[in-house]
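What follows is each chain in one-letter form.
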Amino acid sequence: AQSVTQLDSQVPVFEEAPVELRCNYSSSVSVYLFWYVQYPNQGLQLLLKYLSGSTLVKGINGFEAEFNKSQTSFHLRKPSVHISDTAEYFCAVSPLQGGSEKLVFGKGTKLTVNP
Amino acid sequence: KAGVTQTPRYLIKTRGQQVTLSCSPISGHRSVSWYQQTPGQGLQFLFEYFSETQRNKGNFPGRFSGRQFSNSRSEMNVSTLELGDSALYLCASRWGTVDQETQYFGPGTRLLVL
Chain A
1 AQSVTQLDSQ VPVFEEAPVE LRCNYSSSVS VYLFWYVQYP NQGLQLLLKY LSGSTLVKGI
61 NGFEAEFNKS QTSFHLRKPS VHISDTAEYF CAVSPLQGGS EKLVFGKGTK LTVNP
Chain B
1 KAGVTQTPRY LIKTRGQQVT LSCSPISGHR SVSWYQQTPG QGLQFLFEYF SETQRNKGNF
61 PGRFSGRQFS NSRSEMNVST LELGDSALYL CASRWGTVDQ ETQYFGPGTR LLVL
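Sequence order for the protein chains is A and B. Numbered per our numbering, the first sequence spans residues 1 to 115. Numbered per our numbering, the second sequence spans residues 1 to 114.
To be clear, the hints were calculated from the coordinates, so they are not data collected in a lab. Just so you know, not all the hints are guaranteed correct.
Pairs of lysine-lysine, BS3-like flavour, derived with a Cα cap of 25 Å [as the list claims (entries may be wrong)]:
| id | chain 1 | residue 1 | chain 2 | residue 2 |
| --- | --- | --- | --- | --- |
| 1 | B | Lys57 | A | Lys102 |
| 2 | A | Lys69 | A | Lys49 |
| 3 | A | Lys49 | A | Lys102 |
| 4 | A | Lys69 | A | Lys102 |
| 5 | A | Lys102 | A | Lys58 |
| 6 | B | Lys57 | A | Lys107 |
| 7 | A | Lys49 | B | Lys57 |
| 8 | A | Lys69 | A | Lys58 |
| 9 | A | Lys49 | A | Lys107 |
Covered stretches of chain A (chain B as the covering partner; in silico rule of three or more C-beta atoms under 8 Å from a C-beta of chain B) [unchecked claim]:
| id | stretch |
| --- | --- |
| 10 | 41-55 |
| 11 | 102-114 |
Glycine included, C-beta positions come from ideal geometry on N, C-alpha and C.
Just chain A, with the same shape it has in the complex (with noise of 0.2 Å):
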């Protein structure tokens, strides 16, 4: 079974700061990693996702994340935001397993961008 821990529910900066939304897992198997954010009354838009290769991957709206297998890691990364970054953001994980998808979610956490 597989699990994701978002450390942070909710993360308020002010604009133009950089901001981490962190992400822990736990598998037993290996995994794809993804990273979600979901605006007000809308559905989840995918950021970035990490299926293998180099662990630091780049996403849409300027964010990026690193993945680090010793930690179990996949924290969520933006050098500098804006207001309109400001929504709940999903740390998602999905076994490996004949193509199929079944993504284990975190809680979220609420990013809040001030100006």
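For this one, chain A is given, so just place chain B on it according to the hints.
For chain B alone, kept in the frame of chain A given last:
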């Protein structure tokens, strides 16, 4: 290309009733997955359909069921509704396998059980 569409967007039901939610995937996508989102439990996987076959299932009671049609459209049914079934139900579609392509989510159906 149109995105994933879900109907209805909002629904109010009473305990004991049943409900059917619909999801139309992006054209050409063969995989459809369903997720339940609640404030308490967060996002939880319900099931995945691929070419009309259920390929994966989460840990939900048998009251939750689904199906996929030959045009890849999917429906999810919940029978004997309970108050705890109040949630946002999200549908997602993808063309191929998880390592081939991104999964795209719809806006969800918000179900309120009174």
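Hints and how they fare:
Using a Cα cut-off of 25 Å, the hinted pair Lys57 of chain B and Lys102 of chain A holds, with the two alpha carbons roughly 8 Å apart. Among the hinted pairs, Lys69 of chain A with Lys49 of chain A is consistent with the structure: their alpha-carbon atoms are about 15 Å apart, no more than 25 Å. Taking the CA atoms of Lys49 of chain A and Lys102 of chain A, the gap is near 14 Å; set against the 25 Å cutoff, the hint holds. For the hint pairing Lys69 of chain A with Lys102 of chain A, the CA-to-CA distance comes to about 20 Å; that is within 25 Å, so the pair holds.
Distance restraint check for Lys102 of chain A and Lys58 of chain A: the Cα-Cα separation of roughly 23 Å lies within the 25 Å cut-off, and the hinted pair is therefore satisfied. For a cut-off of 25 Å, the pair hint linking Lys57 of chain B to Lys107 of chain A stands: about 20 Å separates their Cα positions. Proximity of Lys49 of chain A to Lys57 of chain B is assessed by CA-CA distance (about 22 Å); at most 25 Å being required, the pair is judged to hold. A hinted pair counts as satisfied when its Cα atoms are at most 25 Å apart, and Lys69 of chain A with Lys58 of chain A qualifies at roughly 17 Å.
Restraint check for Lys49 of chain A and Lys107 of chain A: the C-alpha separation of about 18 Å stays at or below 25 Å, so the hint holds. For the stretch 41-55 of chain A, the stated coverage by chain B is satisfied: 8 residues place a CB nearer than 8 Å to a CB of that chain, which reaches the threshold of 3. Coverage of the stretch 102-114 of chain A by chain B holds [criterion: at least 3 residues with CB-CB distance below 8 Å; count 7].
In summary, the structure agrees with every hint in the numbered list given earlier.
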